[in-house]
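Novice: Below are the chains, spelled out letter by letter.
2 protein chains.
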Amino acid sequence: MADISTQPYKGARDFYPSDMRVQNYIFKVWRTVVERYGYEEYTAPMLELTDLYRAKTGEEIVNEQTYSFTDRGGREVTIRPEMTPSVARMVAAKQQELAYPLRWYSIVNNWRYERPQRGRVREFWQLNVDLLGVSGIEADAEIIRMADSIMRAFGAKDDMFIIRINNRKLTSLLMGEYLDLDVQKSHLLSKLLDRKAKMSESAFDAQAQSIVGEDIAKLNDLLNIKSIDELPANVVESGQVEELRQLFDTLKAAEVNVRFDLTLMRGFDYYTGVVFEVFDTNPENPRAIFGGGRYDELTEIFGATDVPAVGFAPGDVGTANFLETHDLLPKLSSSVKVYMAVISEAVVAEAQKLASALRKAGISVAVDIGGKKAGSQVKKADKDGIPFVVFVGEEEIKAGKFTLRELESGNEAKLEPKELIQHLQ
Amino acid sequence: MADISTQPYKGARDFYPSDMRVQNYIFKVWRTVVERYGYEEYTAPMLELTDLYRAKTGEEIVNEQTYSFTDRGGREVTIRPEMTPSVARMVAAKQQELAYPLRWYSIVNNWRYERPQRGRVREFWQLNVDLLGVSGIEADAEIIRMADSIMRAFGAKDDMFIIRINNRKLTSLLMGEYLDLDVQKSHLLSKLLDRKAKMSESAFDAQAQSIVGEDIAKLNDLLNIKSIDELPANVVESGQVEELRQLFDTLKAAEVNVRFDLTLMRGFDYYTGVVFEVFDTNPENPRAIFGGGRYDELTEIFGATDVPAVGFAPGDVGTANFLETHDLLPKLSSSVKVYMAVISEAVVAEAQKLASALRKAGISVAVDIGGKKAGSQVKKADKDGIPFVVFVGEEEIKAGKFTLRELESGNEAKLEPKELIQHLQ
Numbered sequence: 022m023a024d025i026s027t028q029p030y031k032g033a034r035d036f037y038p039s040d041m042r043v044q045n046y047i048f049k050v051w052r053t054v055v056e057r058y059g060y061e062e063y064t065a066p067m068l069e070l071t072d073l074y075r076a077k078t079g080e081e082i083v084n085e086q087t088y089s090f091t092d093r094g095g096r097e098v099t100i101r102p103e104m105t106p107s108v109a110r111m112v113a114a115k116q117q118e119l120a121y122p123l124r125w126y127s128i129v130n131n132w133r134y135e136r137p138q139r140g141r142v143r144e145f146w147q148l149n150v151d152l153l154g155v156s157g158i159e160a161d162a163e164i165i166r167m168a169d170s171i172m173r174a175f176g177a178k179d180d181m182f183i184i185r186i187n188n189r190k191l192t193s194l195l196m197g198e199y200l201d202l203d204v205q206k207s208h209l210l211s212k213l214l215d216r217k218a219k220m221s222e223s224a225f226d227a228q229a230q231s232i233v234g235e236d237i238a239k240l241n242d243l244l245n246i247k248s249i250d251e252l253p254a255n256v257v258e259s260g261q262v263e264e265l266r267q268l269f270d271t272l273k274a275a276e277v278n279v280r281f282d283l284t285l286m287r288g289f290d291y292y293t294g295v296v297f298e299v300f301d302t303n304p305e306n307p308r309a310i311f312g313g314g315r316y317d318e319l320t321e322i323f324g325a326t327d328v329p330a331v332g333f334a335p336g337d338v339g340t341a342n343f344l345e346t347h348d349l350l351p352k353l354s355s356s357v358k359v360y361m362a363v364i365s366e367a368v369v370a371e372a373q374k375l376a377s378a379l380r381k382a383g384i385s386v387a388v389d390i391g392g393k394k395a396g397s398q399v400k401k402a403d404k405d406g407i408p409f410v411v412f413v414g415e416e417e418i419k420a421g422k423f424t425l426r427e428l429e430s431g432n433e434a435k436l437e438p439k440e441l442i443q444h445l446q
Numbered sequence: 022m023a024d025i026s027t028q029p030y031k032g033a034r035d036f037y038p039s040d041m042r043v044q045n046y047i048f049k050v051w052r053t054v055v056e057r058y059g060y061e062e063y064t065a066p067m068l069e070l071t072d073l074y075r076a077k078t079g080e081e082i083v084n085e086q087t088y089s090f091t092d093r094g095g096r097e098v099t100i101r102p103e104m105t106p107s108v109a110r111m112v113a114a115k116q117q118e119l120a121y122p123l124r125w126y127s128i129v130n131n132w133r134y135e136r137p138q139r140g141r142v143r144e145f146w147q148l149n150v151d152l153l154g155v156s157g158i159e160a161d162a163e164i165i166r167m168a169d170s171i172m173r174a175f176g177a178k179d180d181m182f183i184i185r186i187n188n189r190k191l192t193s194l195l196m197g198e199y200l201d202l203d204v205q206k207s208h209l210l211s212k213l214l215d216r217k218a219k220m221s222e223s224a225f226d227a228q229a230q231s232i233v234g235e236d237i238a239k240l241n242d243l244l245n246i247k248s249i250d251e252l253p254a255n256v257v258e259s260g261q262v263e264e265l266r267q268l269f270d271t272l273k274a275a276e277v278n279v280r281f282d283l284t285l286m287r288g289f290d291y292y293t294g295v296v297f298e299v300f301d302t303n304p305e306n307p308r309a310i311f312g313g314g315r316y317d318e319l320t321e322i323f324g325a326t327d328v329p330a331v332g333f334a335p336g337d338v339g340t341a342n343f344l345e346t347h348d349l350l351p352k353l354s355s356s357v358k359v360y361m362a363v364i365s366e367a368v369v370a371e372a373q374k375l376a377s378a379l380r381k382a383g384i385s386v387a388v389d390i391g392g393k394k395a396g397s398q399v400k401k402a403d404k405d406g407i408p409f410v411v412f413v414g415e416e417e418i419k420a421g422k423f424t425l426r427e428l429e430s431g432n433e434a435k436l437e438p439k440e441l442i443q444h445l446q
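Sequence order for the protein chains is L and F. Per this note's numbering: the first sequence = residues 22 to 446. Per this note's numbering: the second sequence = residues 22 to 446.
Since the hints were derived computationally from the structure, they do not count as laboratory data. Here the structure is a predicted model, which means the values were calculated and not measured. It is possible that some hints are incorrect.
Identical copies carry no separate label here, and so any pair may be met within one copy or between two of them.
[Claimed, not checked] The calculated DSS-like cross-link candidates involving lysine-lysine, where the alpha carbons are at most 25 Å apart (straight line), are:
#1 49 <-> 358
#2 422 <-> 358
#3 393 <-> 404
#4 115 <-> 394
#5 77 <-> 49
#6 419 <-> 393
#7 190 <-> 273
#8 239 <-> 435
#9 217 <-> 400
#10 374 <-> 394
#11 400 <-> 115
#12 400 <-> 422
#13 31 <-> 422
#14 31 <-> 273
#15 394 <-> 77
#16 393 <-> 178
#17 404 <-> 190
#18 178 <-> 217
#19 404 <-> 178
#20 239 <-> 115
#21 206 <-> 273
#22 374 <-> 273
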């Protein structure tokens with residue numbers, strides 16, 4: 022038989038311990054911030070019935086990008102391409118029992134069949150944060166503040182990112198009442214706006230003209246608007262704009278960098294109100310890092326009404342790209358603190374005893390039981406990023422004192438077990 | 022359109038925040054123990070090419086229990102039913118670059134298409150712990166000690182579990198040289214022994230007789246052996262038994278409860294040496310909690326030789342069952358420490374400011390922005406298992422003092438923000 026490939030499945034990644042440290046750093050920052058805001062973790066199965074995504078996830082993902090198949094029992098199932106439909110399902114299942122507002126988060130892997138390229142992989146990890154049961158803008162504001170707090174917790178500064186905000190209801194109003202488009206043309210225009218940043222200006226203009234006809238100048242005027250105050254007068258007087266104004270005021274008071282952006286659409290069909298995007302302002306990497314929005318009607322596909330909801334979902338790939346671009350990734354060391362170099366095979370049992378004592382004191386210790394020379398044991402520790410080595414040989418056992426070496430500085434000290442523990446704690 | 026079902030996929034589980042607390046408790050204990058032993062986290066994609074499992078995972082799982090399908094690019098893929106083949110693949114891919122011994126762990130979800138029943142679900146979570154690059158029994162001993170440490174860390178006492186140990190090489194020796202069976206009959210007998218605990222005595226005897234023929238008495242004598250010293254004299258003199266004896270001596274010296282069990286097989290085809298099982302000794306729940314063993318040849322399917330390996334993998338379901346049976350699950354409270362009850366909508370902004378100050382001090386705070394009455398805000402906090410409530414109303418803002426209530430005791434104190442933080446830290 023030919024050897025089996027050692028490569029991971031195309032577009033998916035192996036995480037060796039050194040890669041996993043980066044993932045765990047990102048996950049830890051996410052977790053710390055959202056837990057401070059009072060969010061609790063939940064999770065859902067990685068397989069769902071395909072129907073769950075057909076309703077609202079969006080045609081491109083469902084028709085071209087899902088991992089869908091029929092299980093051994095004849096059920097049509099899909100590997101989760103995103104988490105929001107599962108949250109909505111779980112809330113709908115216990116709508117009456119749950120105490121609102123719900124503040125839920127999860128960190129899960131999602132799968133999409135895409136062409137692998139920079140920033141795009143087939144298996145990606147995402148933090149999902151959702152606030153359910155509150156329809157007021159206080160909820161939108163909390164969600165957007167949390168997105169800002171996550172960026173700050175990673176060390177991002179004011180000039181590194183901006184949060185762009187729009188509102189789907191305002192977009193509908195402008196397309197329907199101001200540009201006088203029917204539902205179908207509105208849908209076409211919003212899909213076109215979603216792709217605008219990736220198109221040439223002339224291609225955009227041509228396609229836009231085919232939708233709005235003579236109103237192309239009116240559309241271009243709209244798209245140049247930089248603040249809600251520049252919106253057409255009759256629109257400014259609508260409730261949508263007033264809500265947006267309150268949202269901007271609340272966020273600016275909390276020192277969150279926000280900007281109105283009428284071209285911001287976000288892909289999912291389920292958004293019903295505020296949508297936002299955290300955008301990298303680096304001219305070399307001008308891209309959305311992540312986004313979110315309000316989806317008040319998603320639970321209705323399960324027959325559950327009146328569950329207003331707003332959330333967002335940063336991914337591991339976009340976050341890692343941002344951290345690398347802005348040189349924000351800290352030096353990450355091993356979760357192992359001490360490597361025990363065993364100099365003579367005769368003392369393995371004694372080394373294990375000492376290791377047990379250190380572990381009881383909460384110190385993580387790996388004992389080298391490979392029977393290699395001391396030098397290569399130290400190299401191994403260094404390669405793994407383990408900060409300390411303790412040497413255990415017959416002489417050390419006899420003297421009851423052990424050499425502790427800090428690898429980075431090279432500093433050494435001869436210590437009794439008690440002192441060793443105190444030093445390492 | 023008919024409403025979409027709110028139920029999770031058959032045999033898989035939703036984890037609401039209260040369920041997730043139990044999962045997170047189990048994961049945390051696993052993580053803490055294995056990190057103390059110097060293990061570092063890694064992970065691999067949840068989809069692998071189906072070939073990876075065809076070689077060594079075992080026929081029953083591959084033919085009847087995998088979630089396998091063809092992806093949009095025509096590749097035959099399988100959702101991971103277990104993690105060991107992925108570890109072997111990752112190590113084989115970088116065999117020359119890695120510094121041995123490798124101490125790796127992961128906590129992942131696996132999928133198997135089984136009939137859902139108590140203790141058996143289709144999506145289950147598993148800790149995978151592997152020590153690679155050491156062939157000596159020191160490695161087997163470390164792995165088994167870790168299994169014991171995990172049980173102790175969950176609060177298990179001496180009389181609650183025992184670790185049964187066998188060695189595949191010894192089994193081969195007994196079947197081949199002592200019972201004089203050919204390879205095919207040895208395989209049949211080992212599969213039969215693996216099912217023995219689930220069969221009636223007469224059914225086992227009938228099937229055993231069809232394999233070993235007249236040697237049924239000799240087989241039954243073997244199966245009654247309780248210690249390696251009772252093995253046939255010519256077998257006792259073999260190296261296999263000497264290694265097992267060293268292993269038992271090492272483990273007994275470390276106060277690990279172990280027992281020799283010649284009937285212990287473990288299902289996977291890739292095991293090559295020591296196999297073991299942590300067994301619940303409760304007469305009402307006499308079952309294997311988890312197990313593991315040595316698999317020195319698994320990387321050879323990738324063309325990588327000389328990577329001896331030993332590992333084990335406890336699952337969430339077996340662990341939770343054990344904890345429930347022995348009443349070992351602690352009371353788990355919310356990860357949210359403080360619920361901020363906002364008495365008047367006029368002070369939401371002030372409440373948010375106070376919440377920000379608490380968060381900066383590392384305290385997790387959820388602010389009630391639902392506009393409900395104070396009473397129902399307290400009820401919500403209580404239902405979620407949040408230990409403290411802080412009340413914020415116009416009076417409190419004016420006085421600069423806030424009532425902190427501990428929900429379990431009902432104790433209250435009026436505190437300034439600074440005192441509040443000190444009290445909660």
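Novice: Work down the list of hints and note, for each, if the structure agrees.
Specialist: Hint by hint, here is what the structure shows:
1. 49 <-> 358: both (19 Å within a copy, 18 Å between copies)
2. 422 <-> 358: within (19 Å within a copy, 44 Å between copies)
3. 393 <-> 404: within (15 Å within a copy, 56 Å between copies)
4. 115 <-> 394: between (61 Å within a copy, 23 Å between copies)
5. 77 <-> 49: Neither: 31 Å inside a chain and 36 Å across chains, both beyond 25 Å.
6. 419 <-> 393: within (21 Å within a copy, 70 Å between copies)
7. 190 <-> 273: within (22 Å within a copy, 70 Å between copies)
8. 239 <-> 435: Answer is neither; intra-copy 79 Å and inter-copy 59 Å both fail.
9. 217 <-> 400: neither (53 Å within a copy, 48 Å between copies)
10. 374 <-> 394: within (21 Å within a copy, 59 Å between copies)
11. 400 <-> 115: between (55 Å within a copy, 18 Å between copies)
12. 400 <-> 422: For residue 400 and residue 422, only the intra-copy Cα distance (23 Å) is at most 25 Å; the inter-copy one is 58 Å.
13. 31 <-> 422: neither (52 Å within a copy, 59 Å between copies)
14. 31 <-> 273: Answer is neither: 44 Å inside a copy and 47 Å across each miss the 25 Å cutoff.
15. 394 <-> 77: neither (61 Å within a copy, 35 Å between copies)
16. 393 <-> 178: The answer is neither: 48 Å in one copy and 37 Å across copies each exceed 25 Å.
17. 404 <-> 190: Neither: 55 Å inside a chain and 35 Å across chains, both beyond 25 Å.
18. 178 <-> 217: Neither way: residue 178 and residue 217 sit 27 Å apart in one copy and 64 Å across, limit 25 Å.
19. 404 <-> 178: Answer is neither: 33 Å inside a copy and 39 Å across each miss the 25 Å cutoff.
20. 239 <-> 115: Neither way: residue 239 and residue 115 sit 47 Å apart in one copy and 59 Å across, limit 25 Å.
21. 206 <-> 273: Cα proximity of residue 206 and residue 273: none, with 35 Å in one copy and 77 Å across.
22. 374 <-> 273: Close across copies (13 Å), not inside one copy (58 Å); limit 25 Å.
The structure fails to meet hints 5, 8, 9, 13, 14, 15, 16, 17, 18, 19, 20, 21 from the earlier list, while all remaining hints are met.
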